[in-house]
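Taken in sequence, the protein lines are chains B and X. For the first sequence, counting from 1, position 125 maps to 125 in my numbering; every step adds exactly one. For the second sequence, counting from 1, position 159 maps to 159 in my numbering; every step adds exactly one.
Think of the hints as simulated: they come from the structure by calculation, not from any bench. Be a bit skeptical, because a hint or two may be false.
Here are the simulated PhoX-like pairs of lysine-lysine, each with C-alpha atoms no more than 25 Å apart in a straight line [stated by the list, open to error]:
1) B:Lys52 x X:Lys52
2) B:Lys52 x X:Lys143
3) B:Lys48 x X:Lys52
4) B:Lys143 x B:Lys165
5) X:Lys165 x X:Lys143
6) B:Lys143 x B:Lys95
7) B:Lys48 x X:Lys143
8) X:Lys143 x X:Lys95
9) B:Lys95 x X:Lys95
Selected chain B positions facing chain X (in silico; Cβ < 8 Å) [what the hints assert, rightly or not]:
10) Gln33
11) Arg124
12) Glu126
13) Lys143
14) Met145
Note that CB positions come from ideal geometry on N, CA and C, so glycine has one too.
Number of protein chains: 2
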Amino acid sequence: MQQEQQDATAEAASTGPEPPATDDHAAALDELQDRWRRALADIENLRKRHAKELDRERASERARTAAALLPIVDNLELALSHADSDPGVIVEGIKAVHDQAVAILGRLGYERHAETGVPFDPSRHEVVGVVDDPDVEPGTVAKVMRPGYGEAERQLRPVAVTVGKRQE
Amino acid sequence: MQQEQQDATAEAASTGPEPPATDDHAAALDELQDRWRRALADIENLRKRHAKELDRERASERARTAAALLPIVDNLELALSHADSDPGVIVEGIKAVHDQAVAILGRLGYERHAETGVPFDPSRHEVVGVVDDPDVEPGTVAKVMRPGYGEAERQLRPVAVTVGKRQE
Chain B
1 MQQEQQDATA EAASTGPEPP ATDDHAAALD ELQDRWRRAL ADIENLRKRH AKELDRERAS
61 ERARTAAALL PIVDNLELAL SHADSDPGVI VEGIKAVHDQ AVAILGRLGY ERHAETGVPF
121 DPSRHEVVGV VDDPDVEPGT VAKVMRPGYG EAERQLRPVA VTVGKRQE
Chain X
1 MQQEQQDATA EAASTGPEPP ATDDHAAALD ELQDRWRRAL ADIENLRKRH AKELDRERAS
61 ERARTAAALL PIVDNLELAL SHADSDPGVI VEGIKAVHDQ AVAILGRLGY ERHAETGVPF
121 DPSRHEVVGV VDDPDVEPGT VAKVMRPGYG EAERQLRPVA VTVGKRQE
């Protein structure tokens, strides 16, 4: 990025907005023609550099995200290596792995959402059922069927919920 | 991307490589000056569009990768919800989650590597120990201490191994 900024300055200097200062129209025409062709070449180069950079950045973002999740796989293996021990120990180990996975998703920008009792919000909730229960406030989340991750533009998926039936 | 290609064609048409066909030098100068300024403006716009597109693509690649791993978290929760049942059932469930995680990493382009007996390869292996054992071929992988994922440019991490000692 830094390099690109410097390139930009260099290009601006060589093809800057000042018209050629000469009284000879033919020479001025040549000079301007040359600048214009260089600007067109710059456009072509920018496009090519852009396409390459996009590919590279996509790959490196994918690697960064996937690498963040490797500890989950490692710790699942660790938990399984204790499969012969006390089942309580296994369950504790798996709970820790699960909490770790949720924490990693949070650090990647995708917070877990699983709140009940909050008002139904179509931008965050996906209704998978309606409950007719006097103990549930109408139009609020009765039960979370599947947690959601992220919000607004960073939403990986909405919270799947059942909602209290609105009274007639 | 499609839209950008069309823009490129449109720009090429408006600022194409043919010099203005006129005998009037002053008019030609004006025309060329105009084309050149438009090319400079195109460069500026390309840069801005590029920066925005990079941000957008990074975010969407991160979301795609993280979303691919949500089923792991879901299935960990499912396994934990059976914590009161037969420990054998829990262990089977966790094994399935682990296999799923490895399969997802493979689909993202990061294959698991944990082979023993293969020749030591510094591009794929990280030596964490040397074993002096007549049953282990010198210079080959004796034991995998931690599996690796991906290879060459897509390597998330090398395979951590112990290697058979080279005989004097």
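Now the hints, each set against the structure:
Note on Lys52 of chain B and Lys52 of chain X: the hinted pairing holds, with a Cα-Cα distance of about 15 Å set against a maximum of 25 Å. Our distance criterion of 25 Å between C-alpha atoms is broken by Lys52 of chain B and Lys143 of chain X, whose separation comes to about 39 Å. Straight-line distance between C-alpha atoms of Lys48 of chain B and Lys52 of chain X comes to about 16 Å, which keeps the hinted pair within the 25 Å bound. Annotation: proposed proximity of Lys143 of chain B to Lys165 of chain B holds, straight-line Cα distance about 13 Å (limit 25 Å).
Between Lys165 of chain X and Lys143 of chain X the alpha-carbon distance is near 13 Å, which keeps this suggested pair within the 25 Å criterion. Taking the CA atoms of Lys143 of chain B and Lys95 of chain B, the gap is near 21 Å; set against the 25 Å cutoff, the hint holds. A threshold of 25 Å between alpha carbons decides the hint, and for Lys48 of chain B with Lys143 of chain X the separation of about 45 Å lies outside it, so the pair is violated. In summary, the hint linking Lys143 of chain X to Lys95 of chain X is supported, as the alpha carbons are separated by about 21 Å, within the 25 Å threshold.
Using a Cα cut-off of 25 Å, the hinted pair Lys95 of chain B and Lys95 of chain X holds, with the two alpha carbons roughly 15 Å apart. With a cut of 8 Å, the hint placing Gln33 of chain B at the interface with chain X holds, because the nearest CB-to-CB distance is about 6 Å. Proximity of Arg124 of chain B to chain X is violated relative to the hint, the smallest CB-CB distance being about 16 Å (cut-off 8 Å). Hint on Glu126 of chain B is violated. Least Cβ distance to chain X is approximately 14 Å, over the 8 Å limit.
The restraint placing Lys143 of chain B at the interface with chain X is violated, with a minimum CB-CB distance near 14 Å, outside the 8 Å limit. For the restraint placing Met145 of chain B at the interface with chain X, the shortest Cβ-Cβ distance is roughly 11 Å, beyond the 8 Å limit, so the hint is violated.
Checked against the numbered hints above, the structure breaks hints 2, 7, 11, 12, 13 and 14 and satisfies the rest.
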